[in-house]
Every structure is written in structure tokens, then in C-alpha cells.
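*Asks:* Quick mapping for you: the protein sequence lines, in order, are chains Y and X.
Under this note's numbering, the first residue of the first sequence carries the number 25, and numbering increases by one thereafter.
Under this note's numbering, the first residue of the second sequence carries the number 10, and numbering increases by one thereafter.
What the hints contain is simulated information worked out from the structure, not anything from laboratory work.
Here a beta-carbon is modelled for each residue, glycine too, at the ideal position from N, C-alpha and C.
Worth double-checking, as some hints may not be accurate.
[Stated by the list, open to error] Non-contacting residues of chain Y with respect to chain X, defined by C-beta distances greater than 10 Å in every case (computed):
1) 68
2) 96
3) 226
[What the hints assert, rightly or not] To be clear about the criterion: a stretch of chain X counts as covered by chain Y if any three or more of its residues have a C-beta under 8 Å from a C-beta of chain Y, and this derived list gives those stretches:
4) 60-73
5) 90-96
6) 103-109
7) 112-119
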Amino acid sequence: MIWSVSWRNIWRSKTRSLVIITAIALGVFAGVYTIAFMIGWVNQRINGVINTEVSHLQIHQADYLETNEVHCYIPNIGEIRDNIANNEGVKAVSSRLIASCMISSAETSSGILLTGINPKCERETSNVHTKIIKGKYFEGVKRNPIIIGEKLAQKLKVKVRSKLVITVTEMDGTISGGAFRVAGIFKTANSAFDEAKAFVRISDLQKLLNIEDNVGHEIAILMNKNGGENIIAQKLRRQYPKLNIMTWEELLPDIKMLNESTDFSLYIYVVIILLSLGFGIVNTMLMVILERVKEFGMLMAIGMSKIRVFTMVVLETVFLSFVGGCVGIVLALGLIALTGKIGLDLSLWAEGLNSLGFEAIIYPEIGTVPVVVVTVLVIITGILSAIYPARKAIKLNPAEALRMDT
Amino acid sequence: MKVLDIQNITKVYTDSEIEVKAVNDVSLSFSQGEFAAIVGPSGSGKTTLLNIIGGLDKPTEGEIVINSMNINKLSSSELIHFRLHNIGFVFQAYNLIPVLTAKENVEFIMELQGKSKAEREKRSLELLSGVGLVDRINSRPAKLSGGQQQRVAVARALASKPMFVLADEPTANLDSKSTETLLEIMEKLNREENITFIFSTHDQRVVNKARRVITVEDGRIVSDKSNS
Ligand SMILES: Nc1ncnc2c1ncn2[C@@H]1O[C@H](COP(=O)(O)OP(=O)(O)O)[C@@H](O)[C@H]1O
Ligand SMILES: [Mg+2]
Chain Y
25 MIWSVSWRNI
35 WRSKTRSLVI
45 ITAIALGVFA
55 GVYTIAFMIG
65 WVNQRINGVI
75 NTEVSHLQIH
85 QADYLETNEV
95 HCYIPNIGEI
105 RDNIANNEGV
115 KAVSSRLIAS
125 CMISSAETSS
135 GILLTGINPK
145 CERETSNVHT
155 KIIKGKYFEG
165 VKRNPIIIGE
175 KLAQKLKVKV
185 RSKLVITVTE
195 MDGTISGGAF
205 RVAGIFKTAN
215 SAFDEAKAFV
225 RISDLQKLLN
235 IEDNVGHEIA
245 ILMNKNGGEN
255 IIAQKLRRQY
265 PKLNIMTWEE
275 LLPDIKMLNE
285 STDFSLYIYV
295 VIILLSLGFG
305 IVNTMLMVIL
315 ERVKEFGMLM
325 AIGMSKIRVF
335 TMVVLETVFL
345 SFVGGCVGIV
355 LALGLIALTG
365 KIGLDLSLWA
375 EGLNSLGFEA
385 IIYPEIGTVP
395 VVVVTVLVII
405 TGILSAIYPA
415 RKAIKLNPAE
425 ALRMDT
Chain X
10 MKVLDIQNIT
20 KVYTDSEIEV
30 KAVNDVSLSF
40 SQGEFAAIVG
50 PSGSGKTTLL
60 NIIGGLDKPT
70 EGEIVINSMN
80 INKLSSSELI
90 HFRLHNIGFV
100 FQAYNLIPVL
110 TAKENVEFIM
120 ELQGKSKAER
130 EKRSLELLSG
140 VGLVDRINSR
150 PAKLSGGQQQ
160 RVAVARALAS
170 KPMFVLADEP
180 TANLDSKSTE
190 TLLEIMEKLN
200 REENITFIFS
210 THDQRVVNKA
220 RRVITVEDGR
230 IVSDKSNS
């Protein structure tokens, strides 16, 4: 019956309860929605990194990442690629030639990493082909087509079908050049990527570099789903001890840290919200106790034990916060479902976001874990906020409480 | 059978350096089945005396023996437990839990005692019909008149099957009609079920119903006689 008494007690002063419930609801709503926003944001960034930029795993020759030298290549790359593709969980594998080079238009030139790819394999491994905003992905230009990013196109002041000259250092150290024609221009969420990367057919780059057949600088592996890469990485490390095999987390440790620190800082943020709500709850409950001094006196006089009175006050407080918390969570989940579908358009700040690698349209998302954690935190807040008022209640002397004037 | 025995009770309040002897060397004993009134003007020490008898307040001096158990040394938590099982209370006002119905208020104390749902249901209905409120069992206190609320309080006080019922000016807030009804009910319960009532009042009409009248003045008993 104590549960029912507590529950009914919170509706005795409707306005006061509704005020505090609304405050808690708003706080929790803001907290949960912010969590979903941040999770959506970070996950989009991670998916962008994986699907567009680095895939789940990359393999290089041991020294390659440090030197970026043309001769640090992986021999027999075709066999390795086919062998990897046979592993379970592997969705697609692409082998690439990479050359750091100068790219020049009639106007100006820029230093980039030119990647030679097999467009068929590459389409499976990376979604750059879906990011084409002008022209086509290796179509429409017969000889030496090149795909460049929008940022680079702007910098070089070129359009689709413009001619670009690439200057590379060949295997033997001689400088050589070749003319390419822009087939397509892509735009990803990461403008740094768009500025520094360009793609040509692997056969064209092979000729330019004067490099032998069946070699490459990079193998990119896309898994069927996130998380499977670690097992494959271990297996491949055993199989190819001489090669450098790295997961996307190892390649981009800052992204990994972003992912991990986001969760933690979000919970801190929610705790801060709840802490300030807690003071409001304490205040409300102190008012409640003060108003009901005679009633508490009566209850203890007729034989309600201190532990029961304490429990009653705690339950009342927990109900109050729980109701507010649930309302806030439900509202937040509603808005998350809505904006998760249509997206939250931040294009006003798109330039700044893109330069950091973030999308301009955010799709908030949330899992069960954060919702459960927030609910538990709300209940804990209720319990903690109840302790001081409840102690006040049980410290009342029934004889004196009953004598109190009203 | 003696249900209550107090010896040389004194209660001194020290209020801003001034000592007030609210109860001054009072000795009393009550037997099972008494219907006793403690009478005196306002400030004479009736409430203080009843609070001490009921274990709500500690005396400055003296001994309280209830049902051959000395309650002086009990801690405040032990006293709560003792009151729950041994004493029924009716106060002047604020007797009931506002969010519970009449029946739930009566059941509440039995639930505190750990009685089964079936027993609570049965006894609360019996008691509420005994005080003439069988048609109001599902009303919350705010929907009841002052007299009806006090009758629920009496039913609640009896629900725990106490040794005796203490009622501090139970009729102080009631009109004369309700006062009469409440006293008739208390008297009937006393007569038919041998329940011991000790109540305070300064209302002469209430005094007339008592079988024993204890008059206090300035914390002292000035007379203690049976009224027939
Ligand atoms: N907590 C207290 N502190 C100081 N004096 C008190 C306190 N409670 C009661 N008194 C004094 O004790 C005396 C008896 O009071 P009380 O028992 O309430 O009398 P009654 O119930 O007969 O009106 C009064 O003079 C009152 O002012
Ligand atoms: Mg009094």
C-alpha cells in the first residue's frame, strides 16, 4: 500500500508536481536527444570513413605508410587479393597503386595522392562512385580518365572533360608526366579527402609509373558488417607476417577516440543535467515534507516505522522523477524517430562541418543501452534527491509534529 | 486487569530559560474496559499527559507501565513498534491519510502490522459498519464531514486491536450533533466490546458521558472520581 500511497501523494499538489515533472522531462528530453544527435553524427562520420575513405582494413608493404615511396609495393598482389576475398565476412577487396604526384591544370597545380584502381573492384569497396556530382565514374572519357574531388576541381579551376597533367617519379627516379581528362567530380563529407585524392585506372597509372604487373601499394578490404575486421586482421597477420595490416581504428586513431570519448562525455553531460534537476527535486520534496509535518507526525504516532516513512518519501520522489524521465524519453524517442528519418539539416554550417569530415545532414539515432542508462540515472537521481528530505521527515518528533500549528 | 499504570510522572518543558511543568507528579492507573475522561482547561497539560501515556513523548521523571511492560527505556523506533501493536490513537484533527479512502485508512494500520489482505478486508468492513459508515467506505477524507472523519479515526484506532485507545480532544472540532454521535459510538464500543477509552476534553457535555472523570489543573490531578 505504501507504493500506492506514494503514487497518489504526488498528485496531491498537481501544479507543483507537474512543474517538477515538466522540468525533469525537458532535461531528460534534451539529454537523450543530444545523445542521439551525437551518436548519429559520430556513426555517420565513422561510416563515412569506412565506406568512403579507408574501408575496414588496409594492407601495405611494411614501410609504405612512413615513406609513401613507389618502390615500397606488395608483390603478387593479385593472389593475395583473391585469397583475402575468400574469407568469410569479407564483402569486397580492392588493390591499388598509389603515387604522390603533382597535378596541374592550365591555371595552377597541386600535390595529391593519385590512386590507381580497378573501377569494378573499387565500386564494391568504396562508395566514392556514389558521390559523383558532375560527370560520370570512369565513363565518358576514353583515354586516361581521372576522377577528382570538388575541392581540388575548384582549386585547379577545372570542369568535367578538362585536361590535367600528372607528374610522377618513376620507379627508377626519372620524372615523367601524362595527360588525363576529368571524367567525374566527387564530393564526400570530408573536404580534406576531396582535396587530396584523385583516382585513375590502375593500368594507366602502371604505365605512367613504369611499374611491373601484379603489384600494388594498398589493399582495401570492406567487411559485411562493422566489427568483423579484427578477427580477419589477426588471421591475415599470421598469414602475411611481412605485410602491415591495419584496421580503420588503427589507421585513424582520432576517429576511434572520437567514438569512445563521445559516449563518456555524453553520460557526463546527462549527469550534469540530472544533478541540476536533483536540486529542484530536493527543493520540491522539502516543501512537501514541510506541508505535511502533521501527517508525518500522525503516521509515526500510529505506528508507521521510520524505514517505511523513509521508503514512502523515496518512492514519492522516484515516481516524480520517473514520470518526468519517461515523458522526456518518450518525447525524445519520438523526435529521434522523426529526425532520424528525414535528417536534421545543418547545411548553414556545412562548410565548417565538411572541413572536419562531418556530414551536413545529421540522422540522430539511439540504441537501447543509452536509454536504459538514462532511465537508471533518472531513478538514481530520484533516490539521491530523496535522501535529505526523507531524513528530515523521519527526524520529526511525532508529539511535536502533531502540536504544530496549521 | 490493569492495562496502564503511571507513577510520579513529571514533564518539564524548558522554553527560552523558563521552565514549564506541563505535568506535575501525576500517578494514575487504568483497568481494562474503562471509559475515562481527562478534563481541564486549555493549557492544563492534557495533551502532554496523553502523549506520555501513549509513548509519543518521554517524561522528565516517572515510570510508565503498559500491560506490565515498562516503556521508559524503549528507543524511538521500538516505541513506534510498541504503539503500532498496543495503542490506538485518535487526534483532534489530521487523523487520516488524505489520499486513502475510509476503508484503506483502516486497512493501512493492519497492513503495517502485517495482517493478511483477507483479514484486513473483513475487519475494516466490520469496524466501518460499527461506526455507521458502511456506505462511505470508498470516500476519501476530504469527501467526509468532520464527524465522519473522526468516526473513521476511531475505526482505525481499533483496527490494530490495541490495549486501549487514547483520544486527545476528539470532539474539539465537531458540532454538538456530531459530538453526540461520536460519543455514542465510542460508548457502544466500550460497552459491547469492552474497549478501554481514555480521552481528553474540555467540553462539559462530553464529560457527562464518561464513567470516570480525572480533572487536571496546571499539570496536577485535582480530582479523580467515577461518574454515575
Ligand atoms: N513543546 C513545548 N514546549 C514548551 N512548552 C510546552 C510545549 N508543549 C506544551 N507546552 C506547555 O505545557 C503546558 C501544557 O500544554 P498541553 O499539554 O498542550 O495542555 P492542554 O492539552 O491541556 O491544552 C502549556 O502551558 C503549554 O504551553
Ligand atoms: Mg491539548
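*Asks:* All the hints need checking, so say for each whether the structure fits it.
*Replies:* The hints, checked one at a time:
| no. | hint | result |
| --- | --- | --- |
| 1 | 68 | 50 Å, holds |
| 2 | 96 | 79 Å, holds |
| 3 | 226 | 78 Å, holds |
| 4 | 60-73 | holds (count 4) |
| 5 | 90-96 | holds (count 4) |
| 6 | 103-109 | holds (count 6) |
| 7 | 112-119 | holds (count 4) |
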